[in-house]
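Trainee: Each chain is listed here by its residues.
6 protein chains.
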Amino acid sequence: MMATVSLISDDTASAEVLAVFNDIRATRGTDFINNFWRALANDPALLAATWDRLKHVMGSGTLDPLVKEMIYVAVSAANGCEYCVHSHTAAARAKGMTPEQYGELLSVIGIAMQTNGLVNALQVPIDPEFKKD
Amino acid sequence: MMATVSLISDDTASAEVLAVFNDIRATRGTDFINNFWRALANDPALLAATWDRLKHVMGSGTLDPLVKEMIYVAVSAANGCEYCVHSHTAAARAKGMTPEQYGELLSVIGIAMQTNGLVNALQVPIDPEFKKD
Amino acid sequence: MMATVSLISDDTASAEVLAVFNDIRATRGTDFINNFWRALANDPALLAATWDRLKHVMGSGTLDPLVKEMIYVAVSAANGCEYCVHSHTAAARAKGMTPEQYGELLSVIGIAMQTNGLVNALQVPIDPEFKKD
Amino acid sequence: MMATVSLISDDTASAEVLAVFNDIRATRGTDFINNFWRALANDPALLAATWDRLKHVMGSGTLDPLVKEMIYVAVSAANGCEYCVHSHTAAARAKGMTPEQYGELLSVIGIAMQTNGLVNALQVPIDPEFKKD
Amino acid sequence: MMATVSLISDDTASAEVLAVFNDIRATRGTDFINNFWRALANDPALLAATWDRLKHVMGSGTLDPLVKEMIYVAVSAANGCEYCVHSHTAAARAKGMTPEQYGELLSVIGIAMQTNGLVNALQVPIDPEFKKD
Amino acid sequence: MMATVSLISDDTASAEVLAVFNDIRATRGTDFINNFWRALANDPALLAATWDRLKHVMGSGTLDPLVKEMIYVAVSAANGCEYCVHSHTAAARAKGMTPEQYGELLSVIGIAMQTNGLVNALQVPIDPEFKKD
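If you're matching them up, the sequences are chains E, R, W, U, H and V in order. Counting from 1, one number per residue, gives the positions in the first sequence under UniProt numbering. Counting from 1, one number per residue, gives the positions in the second sequence under UniProt numbering. Counting from 1, one number per residue, gives the positions in the third sequence under UniProt numbering. Counting from 1, one number per residue, gives the positions in the fourth sequence under UniProt numbering. Counting from 1, one number per residue, gives the positions in the fifth sequence under UniProt numbering. Counting from 1, one number per residue, gives the positions in the sixth sequence under UniProt numbering.
To be clear, the hints were calculated from the coordinates, so they are not data collected in a lab. Computed from a predicted model, the values in this text were never measured in an experiment. Glycine included, every Cβ here is placed at the ideal spot set by N, Cα and C. Heads up, some of the hints might be wrong.
[Said to hold, decoys possible] List time: in silico BS3-like cross-link candidates among lysine-lysine, alpha-carbon distance up to 30 Å:
1. W:K55 with U:K131
2. E:K95 with R:K131
3. R:K131 with E:K131
4. W:K95 with W:K55
5. W:K131 with U:K55
6. R:K55 with R:K95
[What the hints assert, rightly or not] Computed list of chain R residues with no C-beta within reach of chain H, every gap over 12 Å:
7. R25
8. A48
9. G61
Here chain E stands alone, though its shape is the one from the complex (with noise of 0.2 Å):
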């Protein structure tokens, strides 16, 4: 696999850059940048942003960190994106995730995939029991 543009490393990287970089070090303790932030340097104004943002919503709040990585691979797999479902798998794993609840992880992943085209294969009309109040 091959990305459409260059992976930009610390050595060619701007100082706006580097600046992004190292705050993905000190946020996650590791020296560590995985590609996705490599290839989105090209774009220095688009890395910042995207970081700045995943930092945020992924960061502590009312759910779990762990919670929040396997919403991540169920949307990912949903997609169909091999890079976010590796990256984000590892980051689940990292977190603490056991191979008891990776199962149950696949396993609700699967039904929901199975019930989402049988419903919209069955155009199934919508109940108004499921009216928000």
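Following the hints, put chains R, W, U, H and V in place on chain E, whose structure we already have.
Mentor: Relative to chain E, chains R, W, U, H and V alone:
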């Protein structure tokens, strides 16, 4: 919205279908049978197989049932399945999802969709560091 | 549901559009022109090109026309295209699809969606045995 | 391409997993177990449930097994699932799909994708004539 | 169609939400606030972040604002997002999209969907000539 | 990555296929035939129909050819079609897409994907103001 099939009422349901409807009622502690099952009931074997699987997967395990519902919503939003989004958002609320948790669920779906699109456009090569071991 | 364009009635159709409408009628043996063609008719060249291709592909060949309609429904369900699901499910029924065949079509769509999701989540490497020769 | 999990070989499989592998072998009349099942085998219950369902759905019924495989390929292509496309195209060929049939399958997938996109862009309202009765 | 949340009117909006609404009004030169923002307003932080990003991306740059709206329509049609198709088709028209341009946009969406499906079904290997340099 | 079919070289191409290959060469002003056409060439009629349509749509009209390529990339990224993303990103560059334009294209894809996901999750009702007239 109209379905591609008739919705099977209790009055027109076969004994096989009624048995599934009654298990849905007993499992959920409500008399309400939503339209998805009434549409699927046109094929009693498909109804039974789908309900058995969904009941098993969404039941208790190592992941919280609310977390499973949120994962289900995420997959359904990525697939653009309107009915599924409505039914599982309602289910998540019934299981205690707060507005704050819902806002975070939406935020994760949003950033995941965004980076899925960026990664697919950039064709980012998978880092060897994501390897499972 | 409202379209993004006006639907072109026979009264407002140009001669070029009417010629396509009449070929649709002659090919299908009915006076009915469904909304898809009336929407496309805002761009007569796109209307003609789309109808020519669809007429050619869905006509007789080595695959049974009913099989082609079921494949069309499957793609449309996977893509969540409501109108396409409705129009091609109706077409499949007009070509003789029985309730048993429809139940099996739905079952295949369901299991395919499910394993698509699982495979995308697991990133299963392709077996060399699948090679074409 | 690497999986997110280890592929379970016969040597490392539990008795529960081996029982499923052997049923796959007996059902298909071959010793070959493709990687999808070896990946799923990390969760023996998910492996068993998925195989049981797939075996049931793809087995004999009112639709020809080859037709079912072609529908499976169509869903998998719409979802962009590489592995699924490869495995079910190989299965369709093993069940006798000719080059002419494959060309027609591809043509239907192509026109369906095209009109799905046009309909989604035009938001065509559903004709009341498509009603099921 | 009903939303999963209440739509926030100006009367019930917090000061934080009203500030975003007013920036939307000022930026667009109209009093009209469309439902997307009124739905998002249930989570004021998500509303603000989404509007800030959209305002920045869709504003002036090297690509014509009309071109950006057409790209937005294309993504939304591929994803089957009805609301997004409607809102951005309306926005494209407001920015001067002619019927001829719209017909060409639809034609590109159609051929792209078609070849996406063919390529996904054929699993075409990427030519080394596509390399970025 | 391997295709599901053999790639047809000039040496093994029929006269019908060679005629299409030569029209591709003449139209593009290059000897290079990319793999998509060599894969499609297994079905000469599908090859000819697809090339005729693509040549017509992507040729000159009211939209700039570069704009058409960027729309093509956007659809392909939303659908996760790797080959299509690569081939049309290369085509856009060949037609003069600058890094700044590419960064804006990526930014629009990103925000569109994000709001598609949010809208699908929120099920926002369509504003009557979006009506075409």
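Trainee: Can you give the numbers of the hints that this structure goes against, from lowest to highest?
Mentor: 3
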